[in-house]
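Chains as they are written, first to last, in UniProt numbering: chain A, 1 to 657; chain B, 1 to 760.
Wrong hints could be hidden among the right ones.
[To be verified] Subject to a maximum C-alpha distance of 30 Å in a straight line, what follows is the list of computed DSSO-like cross-link-like pairs (lysine-lysine):
#, chain 1, residue 1, chain 2, residue 2
1, A, K581, A, K612
2, A, K459, B, K387
3, A, K256, A, K18
4, A, K550, A, K202
5, A, K18, A, K656
6, A, K547, A, K515
7, A, K159, A, K66
8, A, K442, B, K387
9, B, K262, A, K459
10, A, K442, B, K408
11, B, K387, A, K462
12, A, K547, A, K18
13, A, K515, A, K581
14, A, K202, A, K462
15, B, K408, B, K387
16, B, K408, A, K256
17, A, K656, A, K581
18, A, K256, A, K202
Source of the hints: derived by calculation from the structure; they are not laboratory data.
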Amino acid sequence: MKLYCLSGHPTLPCNVLKFKSTTIMLDCGLDVTSTLNFLPLPLVQSPRLSNLPGWSLKDGNAFLDKELKECSGHVFVDSVPEFCLPETELIDLSTVDVILISNYHCMMALPYITEHTGFTGTVYATEPTVQIGRLLMEELVNFIERVPKAQSASLWKNKGIQRLLPSPLKDAVGVSTWRGCYTMQEVNSALSKIQLVGYSQKIELFGAVQVTPLSSGYALGSSNWIIQSHYEKVSYVSGSSLLTTHPQPMDQASLKNSDVLILTGLTQIPTANPDGMVGEFCSNLALTVRNGGNVLVPCYPSGVIYDLLECLYQYIDSAGLSSVPFYFISPVANSSLEFSQIFAEWLCHNKQSKVYLPEPPFPHAELIQTNKLKHYPSIHGDFSNDFRQPCVVFTGHPSLRFGDVVHFMELWGKSSLNTVIFTEPDFSYLEALAPYQPLAMKCIYCPIDTRLNFIQVSKLLKEAQPLHVVCPEQYTQPPPTQSHRMDLMIDCQPPAMSYRRAEVLALPFKRRYEKIEIMPELADSLVPMEIKPGISLATVSAVLHTKDNKHVLQPPPRPAQPPGKKRKRVSEDIPDCKVLKPLLSGSIPVEQFVQTLEKHGFSDIKVEDTAKGHIVLLQEAETLIQIEEDSTHIICDNDEMLRVRLRDLVLKFLQKF
Amino acid sequence: MSSRVLSFSLRLAGTFAAQEDCFLYLQQGELLLGLFGEGGPQCWAAWSVPTVRSGWIQGLRSLAQHPCALHFLADSGAVDTIFSLQGDPSLFVASAASQLLVHTLALSMQAGATGCSGLWDGVWPACAQKIMGHLEESLQSTAAPQVTQALNVLTSTFGRCHSPWTETLWGQLCPLVARLLERTPIPAAHSLVDLLLSVARSPALSSSHGRLWEAVAQALRCLSPMQAGSLALGMLKLPHCPQALRVQAFGVLLQPLACVVKATAQAPGPPGCSMWPPGWLDGAEGSSLTVDTLLSSKSACVGILCQTLAQLEELQPLPQRPAPWPQEPLLGAAVTILRLCHGSATSSSSGGGRLCATLAGCVRVQRAALDFLGTLSQETRSQELEKEVFAVLSEYLGSPDSSPTVLKKAFQTTLRWLLSSPRTPGCPDLGPQPLLFLRELFPVLQKRLCSPSWEVRDSVLEFLTQLSRHWGGQADFRRALLASEVPTLTQQLLQDPESYVRASAVAAAGQLSSRGLQAAPDSPEHPQAQQGLLGELLCILSTDSEGFPRRAVVQVFTEWLRDGHADVARDTEWFIATVLQVVSQDLDWEVRVQGLELAQVFLVQRLGQPRCPYMVALPEAASATPIPEVLQSLCRLRLFDFAFRALLDCDRPVAQKACELLLFLKDKTAMCGGLQEAGDIPGSASGQVTLQRWRAGEQGQLPGDLQPEAMLALLRSTDLEGLQARLAQSSDHMEKSPQSLLQDMLATVGVLGENEADCY
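Hey, can you work out the whole structure from these sequences and the hints?
Structure representation (structure tokens):
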């Protein structure tokens, strides 16, 4: 069993598991942090961004000044943003049989894999994952495509040149494999390869293994996967949450007794408690708005935003903010808000029961009805007519490199009355803000990551009791910035096996059994014999038939008919069925054996004890019988008659079947 | 016979037998032997009912009052039954059995005392011998419950009885107790600690202390840190504990904190932070507490830290606490623990790392450490340490992860540190360190006032009220506060949806306003801003649906009246009349009591302080306003009405307060006015009638528009003193009085035939 690790990002995993002749890709995450090296894509012409000075080498050589721009001491690539794909060289991706998706954030690289690697398999995911994943992809494509960029920089990627660049560009890994965004056509084609599954549904893969999605409690439709054969069980835990938010709670019980548990997608901010952060978010939002400032919340169009809107729904009246407009701007804002209301079966119990009242499960429906929350596909169009300040704007993309958020950063960045509140944990807020410096606007970092923290993981592992744990290397040591926090790492026995990008891990796990079925008529013919209390044995003569990874013992063909002249060939096809010698069991009591020998006329018998058993010497006959635990040898000098006689005496003491 | 009746009979027989002659009479008829002897109720089927066993013990307890009873107990075999009842499945029975043994032992020793000197002659009476034998046997038993029972009996004995014979008792049992300490594990450790403390506290054991101290020293060494902690604290509280033992005991208490400091020793703490005073920890060196045992489990670690912090907190203010008090190391330890809980302690050692993992986010330890830190504010400290403390408090106050309860504690501790911060001599202002801290604190308070958690908003407002109460007059504080948005936010929180928050906001806004620190009224969008805070508070008083904010408003008004707040002083009469009118309609009795308090303050201001009976009589010129004028104004303000109506209030505290107020008025007006009879004044007659009817148990209303004379007459003719005495009695005095019992019995006898079940 092997694990090929194609992504180094612990929360955007992409691993391939080879297990029992199947090749299973676990998640297909796309590392978007690479875009932080690029200049933002403004929706409207930004004089500030277009007038940034070009970057030149220390010696004054300015041949890169078209590709690289400098802003407040940082260097950015002036080009269409590119993404860091999973490794494509480590394994032939056309051999991947299936891709299992655990949540909508972990499928963003799907079009690159399904459309460009010769992949011919099937992708499995739950319905909300596919629908919301489509929205995320659609938004990404829309953000990038609606601001076409004339130039595409590639010179800087040259290895010789990259060495000369300042950090972090200099240290960026695998820049030559970075790719621009996919198209909507590729997205549609990729999504068409997905087969929808429901929680606890058992999916057979070629008869060899069975895969089952389980609720992971992190997002709408998010799942962990169980991959099992008859005798082995591998659990894949990715992006799970034990907090009570909107999705169905995590199914922990089914993870018990795994041979291997692959653990990815833990919280990225283990020190921040989501509850505290939501409180911080609300307080800062209220403070800013009360002072007449605007609040900008860079976010994804689905996920935490539902919880934030729910908190605000309860909070705004008490904080006297009922008159402040909330805007949600995204090309998929409307679909996201509406989708969330229709996936009732995937929601937590509380929200499910609302549907029967009937009420919308999320209170943002009421916010929309009462005009407190308004949503728009972009800043163009209706939004500009309705726009009123002070206000709160939720919009993407959280990297601050593309999307409507770029416009608001440019618009509000100059005033210290305004605040940008970062709630998505995927990007370093300081790096995200770098191309906007100098910035007068206040910045608040309230990352809300509901995924498992290390305390919860250690409880989970204690309960699930896996034999082996496999996880990204980042989880086996404390975070570099808090090296003293020994509590911020996975602590389990035996220690977790860690992986890093482009590594192949041989999982410490040997398959020892295979299930074989016996046809009923064959089973009928068996005559078991009890050899020990509770243990019966029977010999089986059968034909092993293997098809689709299923093994069946079938009755052997009837003893060949006396071959007719014409049918002779047929018998040749039938496997050779020799008359089988009986199997023997039991042990030989030496004293009784000697007595028997004496009865049968052997005299002058001498018994010697050896390390493994006994040697019975028939000195007169110059014969030696060696009796050991698992073998008996009769050594006599070419006297076959004698040997057979002795053999028959030995056999008298043994059971035959 | 039902088990309840049986139990009652046993108790009744015991009660009768308490008198010696009665006892003898009953014994003649062999009744007592039948009830309490060996062949008595134990053989009955009803013995399995706990009530019967309980009744049996209570009967014996009543009976055991005289020497005859002792003989009976010893001879009848009752004592053996008591021994066995010590392990009764019913806790009440078991406990009563132990108590009975204690009582019997004491009684028997008392009876054995010779002559009138009451001194004991050294021979144990038979009954006492029996009990002693049982105790000795139990102490040597291998079964922990038996040891516990014996220890509990001894603890009660030494706790209650301080006769000279207890010293001999201890002398005899001490070696057995010491042997318990040699067992592993030590049986009944908690009871053992209780016994040692009880013996140590007993004034009767003056000469046997030597052996006691040895046992205590051994216990401190052998017991687990958790159990040794309470023994150590108890020892340190003793005034006559030998110094060596005090050192050892204090070492036990310091050990867990020393472990924490040691585990995180690499942390760049302030110099001297980990320097424990020489000697204190030597005694604890043999102790089993190491970082490893401390870390063995999270619950153990949390338990011992919380206990130790609470014990040191208890010890700190006592005069007999160890000296020199290791203030600096303790402060350092408290700060380290808080940092560990917060995840901000840096330690490269594995012990420190594991400690951090164990304590991170532990709310219980955080609360205990903050309480302890607050206690330590009462001591002198170096500036450097004070800086550390303020830094860690800042971390807690600012951190989004602090739970509301921890935050509340952090605010309380902060206030204690600010209040005790050393000030520059001759300058009443805050020191530079607290001032710097406060300046950085206001943005945090601002944010916290907007918190979605009401507990947080509430704590901040309470803290703010205290802050401005203490420093509202100081220029630096005022500047820092007014530069922030805290006053505006406080004003806004008067509209908070949570009633507790509204109440705290009322108190805070009232305090800020008293100090002239209210929000600048430049927000015309707020309708209430136009009418000022007074108007807004009056609005809350008359319209708020919850009691807490309304109570807070009246309290603020009372304080304003006392301090002569400008808004009140402008037209005090209008203010009083308006407030009393609203308050009299209030459904919450606490609001009405607060209203009476307000009225009393007003009266004191008008009529002068109440006369103290022990004061030398001063000439009656204290009152600035002549009394008739005051009375006129009281009638105008309908204060009399309010007070008399309150006297009729169905809630006792209101009536009590009204009574107090009227007595004060009566006292002040005693010298004033004519001698007109009450009946002559219009209005006062009907007032009298109402009061009389009320006394007879009917509700009624006073007539309106009473004149001063009528009021005065009513005041004089009412038996306010009698009323006050009656009101002072507890609400169930009627039910508890013998009269009531008698009435009940008579009533029951009257209807016995129909209602037998009620007979008792």
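Now for the hints, and whether the structure bears them out:
no.: 1; hint: K581/A / K612/A; in the structure: 26 Å, holds
no.: 2; hint: K459/A / K387/B; in the structure: 38 Å, violated
no.: 3; hint: K256/A / K18/A; in the structure: 22 Å, holds
no.: 4; hint: K550/A / K202/A; in the structure: 17 Å, holds
no.: 5; hint: K18/A / K656/A; in the structure: 44 Å, violated
no.: 6; hint: K547/A / K515/A; in the structure: 13 Å, holds
no.: 7; hint: K159/A / K66/A; in the structure: 18 Å, holds
no.: 8; hint: K442/A / K387/B; in the structure: 28 Å, holds
no.: 9; hint: K262/B / K459/A; in the structure: 29 Å, holds
no.: 10; hint: K442/A / K408/B; in the structure: 28 Å, holds
no.: 11; hint: K387/B / K462/A; in the structure: 42 Å, violated
no.: 12; hint: K547/A / K18/A; in the structure: 20 Å, holds
no.: 13; hint: K515/A / K581/A; in the structure: 27 Å, holds
no.: 14; hint: K202/A / K462/A; in the structure: 26 Å, holds
no.: 15; hint: K408/B / K387/B; in the structure: 21 Å, holds
no.: 16; hint: K408/B / K256/A; in the structure: 41 Å, violated
no.: 17; hint: K656/A / K581/A; in the structure: 9 Å, holds
no.: 18; hint: K256/A / K202/A; in the structure: 17 Å, holds
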